[in-house]
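Taken in order, these protein sequences are the chains called A and Z.
Heads up, the first sequence is in the UniProt record's numbering, so the first residue is 1 and it goes up one at a time.
Heads up, the second sequence is in the UniProt record's numbering, so the first residue is 1 and it goes up one at a time.
Since the hints were made in silico from the structure, they are not lab data.
The model shown is predicted, which means the values in this text are computed figures rather than measured ones.
Treat the hints with caution; some may be incorrect.
Think about it this way: if two alpha-carbon atoms lie no more than 30 angstroms apart in a straight line, the pair counts; the simulated BS3-like pairs of lysine-lysine are [unchecked claim]:
no., chain 1, residue 1, chain 2, residue 2
1, A, K41, Z, K41
2, Z, K41, A, K31
3, Z, K31, Z, K387
4, Z, K31, A, K41
5, A, K31, A, K41
If you only want the chain Z side, here are some residues facing chain A, beta carbon under 10 angstroms, derived [unchecked claim]:
no., residue
6, D82
7, S108
8, T109
9, L122
A few chain A residues that don't get close to chain Z, going by computed Cβ distances all over 12 angstroms [what the hints assert, rightly or not]:
no., residue
10, T30
11, G309
12, H442
13, T445
14, A453
By construction, the Cβ of each residue, glycine as well, lies at the ideal position given by its N, Cα and C atoms.
2 protein chains.
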Amino acid sequence: MPMMPVTDSMFLFIETREHPMHVGGLQLFTKPDGAGPDYLKSLRESLLENSGVRSLFRRRPARPVNTRGYLAWAEDSELDLDYHFRHSALPQPGRIRELLELTSRWHSTLLDRHRPLWEVHLVEGLNDGRFALYSKIHHALMDGVSALRQLQSTLSDDPLAMDGPPPWGSRGPAQPRRGRPDALALLRGAGSTAKQLAGVPRMTAKVATEAFREHTLTLPLQAPRTMFNVAIGGARRFAAQSWPLERVRKVATAAGVSRNDVVLAMCAGALRDYLIEQRALPDAPLTAMVPVSLRSRADAGEASGNQIGALLCNLGTDRSDPAERLAVISRSMADGKRLFKELTPLQILLLSALNIAPLGASPLPGYANHTRPPFNIVISNVPGPRKQMYWNGATLDGIYPASVLLDGQALNITLTNNGDNLDFGITGCRRSVPHLQRLLLHLDTALAELEYAAR
Amino acid sequence: MPMMPVTDSMFLFIETREHPMHVGGLQLFTKPDGAGPDYLKSLRESLLENSGVRSLFRRRPARPVNTRGYLAWAEDSELDLDYHFRHSALPQPGRIRELLELTSRWHSTLLDRHRPLWEVHLVEGLNDGRFALYSKIHHALMDGVSALRQLQSTLSDDPLAMDGPPPWGSRGPAQPRRGRPDALALLRGAGSTAKQLAGVPRMTAKVATEAFREHTLTLPLQAPRTMFNVAIGGARRFAAQSWPLERVRKVATAAGVSRNDVVLAMCAGALRDYLIEQRALPDAPLTAMVPVSLRSRADAGEASGNQIGALLCNLGTDRSDPAERLAVISRSMADGKRLFKELTPLQILLLSALNIAPLGASPLPGYANHTRPPFNIVISNVPGPRKQMYWNGATLDGIYPASVLLDGQALNITLTNNGDNLDFGITGCRRSVPHLQRLLLHLDTALAELEYAAR
Numbered sequence: 001m002p003m004m005p006v007t008d009s010m011f012l013f014i015e016t017r018e019h020p021m022h023v024g025g026l027q028l029f030t031k032p033d034g035a036g037p038d039y040l041k042s043l044r045e046s047l048l049e050n051s052g053v054r055s056l057f058r059r060r061p062a063r064p065v066n067t068r069g070y071l072a073w074a075e076d077s078e079l080d081l082d083y084h085f086r087h088s089a090l091p092q093p094g095r096i097r098e099l100l101e102l103t104s105r106w107h108s109t110l111l112d113r114h115r116p117l118w119e120v121h122l123v124e125g126l127n128d129g130r131f132a133l134y135s136k137i138h139h140a141l142m143d144g145v146s147a148l149r150q151l152q153s154t155l156s157d158d159p160l161a162m163d164g165p166p167p168w169g170s171r172g173p174a175q176p177r178r179g180r181p182d183a184l185a186l187l188r189g190a191g192s193t194a195k196q197l198a199g200v201p202r203m204t205a206k207v208a209t210e211a212f213r214e215h216t217l218t219l220p221l222q223a224p225r226t227m228f229n230v231a232i233g234g235a236r237r238f239a240a241q242s243w244p245l246e247r248v249r250k251v252a253t254a255a256g257v258s259r260n261d262v263v264l265a266m267c268a269g270a271l272r273d274y275l276i277e278q279r280a281l282p283d284a285p286l287t288a289m290v291p292v293s294l295r296s297r298a299d300a301g302e303a304s305g306n307q308i309g310a311l312l313c314n315l316g317t318d319r320s321d322p323a324e325r326l327a328v329i330s331r332s333m334a335d336g337k338r339l340f341k342e343l344t345p346l347q348i349l350l351l352s353a354l355n356i357a358p359l360g361a362s363p364l365p366g367y368a369n370h371t372r373p374p375f376n377i378v379i380s381n382v383p384g385p386r387k388q389m390y391w392n393g394a395t396l397d398g399i400y401p402a403s404v405l406l407d408g409q410a411l412n413i414t415l416t417n418n419g420d421n422l423d424f425g426i427t428g429c430r431r432s433v434p435h436l437q438r439l440l441l442h443l444d445t446a447l448a449e450l451e452y453a454a455r
Numbered sequence: 001m002p003m004m005p006v007t008d009s010m011f012l013f014i015e016t017r018e019h020p021m022h023v024g025g026l027q028l029f030t031k032p033d034g035a036g037p038d039y040l041k042s043l044r045e046s047l048l049e050n051s052g053v054r055s056l057f058r059r060r061p062a063r064p065v066n067t068r069g070y071l072a073w074a075e076d077s078e079l080d081l082d083y084h085f086r087h088s089a090l091p092q093p094g095r096i097r098e099l100l101e102l103t104s105r106w107h108s109t110l111l112d113r114h115r116p117l118w119e120v121h122l123v124e125g126l127n128d129g130r131f132a133l134y135s136k137i138h139h140a141l142m143d144g145v146s147a148l149r150q151l152q153s154t155l156s157d158d159p160l161a162m163d164g165p166p167p168w169g170s171r172g173p174a175q176p177r178r179g180r181p182d183a184l185a186l187l188r189g190a191g192s193t194a195k196q197l198a199g200v201p202r203m204t205a206k207v208a209t210e211a212f213r214e215h216t217l218t219l220p221l222q223a224p225r226t227m228f229n230v231a232i233g234g235a236r237r238f239a240a241q242s243w244p245l246e247r248v249r250k251v252a253t254a255a256g257v258s259r260n261d262v263v264l265a266m267c268a269g270a271l272r273d274y275l276i277e278q279r280a281l282p283d284a285p286l287t288a289m290v291p292v293s294l295r296s297r298a299d300a301g302e303a304s305g306n307q308i309g310a311l312l313c314n315l316g317t318d319r320s321d322p323a324e325r326l327a328v329i330s331r332s333m334a335d336g337k338r339l340f341k342e343l344t345p346l347q348i349l350l351l352s353a354l355n356i357a358p359l360g361a362s363p364l365p366g367y368a369n370h371t372r373p374p375f376n377i378v379i380s381n382v383p384g385p386r387k388q389m390y391w392n393g394a395t396l397d398g399i400y401p402a403s404v405l406l407d408g409q410a411l412n413i414t415l416t417n418n419g420d421n422l423d424f425g426i427t428g429c430r431r432s433v434p435h436l437q438r439l440l441l442h443l444d445t446a447l448a449e450l451e452y453a454a455r
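With the rest of the complex left out, here is chain A (with noise of 0.2 angstroms):
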């Protein structure tokens, strides 16, 4: 039973029903040329023999009810594939908006700790003759970045390549997840479970604490009140659209500035109208906390590593002119100071979180004292696949990360690159975040608004 290190056992402390702590992707694909009627029945099913599942698909806590379970894992010697892998249709007329729906519902759900802590819900019944994949993991087993990778591996750039595994197989021989890491854990882990147990407490103290250190006094904390940061509860919304990454790649060129510039400034663009149709737009602007992978190259072929850097953007939503925005945040991404260094997923979480309520640690050290919220919403890229991907002869349309949320942040956005496009996928908390597709028409507009005032 291999020790759980105390980064992945927070994630199943931190969780309650207000915070469901998986991470979600939902896949589009277009069928084969030729595919019949059988297609996704006969998919389906050669994607249940496929007897490889990768080992971490495998495990769960030890004891699914006890706290002390949550230290180590569990293999399931008797995985349910049926229970997982789970066969959907949407009602009629079968639009995308039918689709989301579907995918907010699941993304609000709990994972069944009594068994591997994921689920792929393969949906068919889309009005133009597409399918999709649901994909749904827990953060205690992998974070955003690599559970996306896993997606990609298991695409190919071949539209004729029929090896595709399944989302919880993997191509080659099954790798251990974090080597490093893990086996630190054991080492640590192995004689002295209840002295890790009663450090618990602490170590979370530590790891928020160590987060805030040297940020305490320096962190600017011109972050208005919104809101988006209020206690949620554990509904979620979840919109998905692509972009021509080409539209983004212009607007950079014109205004001479990086193509995550264009992107953020789609975001503050919509953002601003969404607040504005909510009545609810604050006089000072708001700050995006946008993480940067600091994974190294060598890092890229696994779902592996999980440091990440994070920088703190004004949006600059005061401003009505969409060029002004553009420039106030290439400025301030280009602005450096404010970098935390090393910051992991965990982390990266706490930091976006208002109240950590199963810990005790409410509020968090950092935020004693603090009115407002260090800022306002998490904006991630996060890297795709640069070519066109296939999945056993299908084409991937989209591939739309669904993110975490805290009380604190009850809203996220999260993009990717997918061959000529860029997919956003916006995770928001149902009560308090109202017609959040509403985001997707503001984003279009805001594209667009860019791309005039560049021409």
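Keeping the supplied structure of chain A fixed, place chain Z upon it in accordance with the hints.
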């Protein structure tokens, strides 16, 4: 903010991920003659427009993340009907099997405590053109019998009546649910929330002990240990099927026993075959706990009152002869000595639990020295409509109850009469009760054997 009686709030306290505390009902409908392709769409729209939401369906725990908040109900001022009433579809081939699979998943997930504690799912895509409704409501709001009554109250025996309210509505003016207990709790609790809260664990112990007081010594405790009497996980399987009441009636008349005796004999035969198949049939006969409603006739019209008695029934599963089993069951049911009088649904549940960890009552007082479960399974026969019923012109083909499970009771059979049929709903722990749906086949065989024996 009305105070919650302890018997209600207890269902919030004892709920865990492994023990969701909601009851469910699956209704199967044939569309009215001449229903067009847009029938379900317009049905859904008309139900969403129906503004009448019973006050019960607007209640949520006052402070969902705080146990103190479980003691009072709050009214949800901005009920998000679109969240509670969901539209879903079956994947191909759209058989009853796919419907049961989907129902199983829905019955496994926790309700959102930030919202009124119910969901209704409208299901399209059955290959025979029918449609279904799955309704789910928290036990803190309504026990299973009341939930079934609420569903029935929306039906009519007139196929032409088109004024059927949605499952969350009512025909008449909204009624207070439990007149006396609520008022009593209000009086008791109004000035003493803290006192009531302090009393919760004591109160629970009392609720549990009272149920056992007279019975700890007399409880026969002849039930063997079986695969059903184990700790459970959170995932469920649900199976359902109808049998003609006339077939049961004929056997009862021929054998000179009650119809309920025949139903219990069907269950006994099915359980025996299932356990043989699983190589898990104990030598001693299984004992069923059979709840008996003690509602007065005056209560019958309304979803109110919760007094229930219970018989312990020897299921005779050690006998291979169906006629002998029926005789054993009939004698056992006629033996009134083992009657529990006036239990609440909470006590019934506590009786069936090996372990109520959140209350620190593990094992329960009465169980301290018991090495064997007091009974093996709960089999409930709940009153249903005697006539063929309709809902806005659609014919009700079946109404199948889905129950609550607790540690120690991994399987539950609840049935109801519905016009000319008996509708069985079987709820099981997905891990502990493999191939649950085979119990349907075995029930069918058991009835055929009883008919053969009674010919």
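Going down the list of hints, with the structure as the test:
Only pairs whose Cα atoms come within 30 angstroms are accepted, and A:K41 paired with Z:K41 is accepted, the gap being roughly 27 angstroms. A C-alpha spacing of about 28 angstroms is found between Z:K41 and A:K31, which places the hinted pair at or below 30 angstroms, so the restraint holds. Annotation: proposed proximity of Z:K31 to Z:K387 holds, straight-line Cα distance about 18 angstroms (limit 30 angstroms). With a CA separation close to 28 angstroms, the supplied pair Z:K31 and A:K41 stays within the 30 angstroms bound.
A hinted pair counts as satisfied when its Cα atoms are at most 30 angstroms apart, and A:K31 with A:K41 qualifies at roughly 13 angstroms. Nearest Cβ of chain A to the Cβ of Z:D82: about 9 angstroms, under the 10 angstroms cut. The hint holds. At a threshold of 10 angstroms, the smallest CB-CB gap from Z:S108 to chain A is about 7 angstroms, leaving the interface hint in force. The criterion of a C-beta within 10 angstroms of any C-beta in chain A is met by Z:T109, whose closest approach is roughly 4 angstroms, and the hint holds.
This hint holds: Z:L122 has a C-beta 8 angstroms from the nearest C-beta of chain A, less than the 10 angstroms allowed. Interface exclusion of A:T30 from chain Z stands, the closest Cβ pair being 19 angstroms apart, more than 12 angstroms. With a least CB separation of 32 angstroms from chain Z, A:G309 remains clear of the 12 angstroms interface cut-off, as annotated. Listed as a non-interface residue, A:H442 keeps its Cβ farther than 12 angstroms from every Cβ of chain Z; the least gap is roughly 21 angstroms.
With a closest Cβ-Cβ approach of about 25 angstroms to chain Z, A:T445 is found to remain outside the 12 angstroms limit, as its non-interface label requires. With a least beta-carbon separation of about 37 angstroms from chain Z, A:A453 lies farther than 12 angstroms from that chain, consistent with its non-interface assignment.
In terms of the numbered hints stated before, the structure departs from none.
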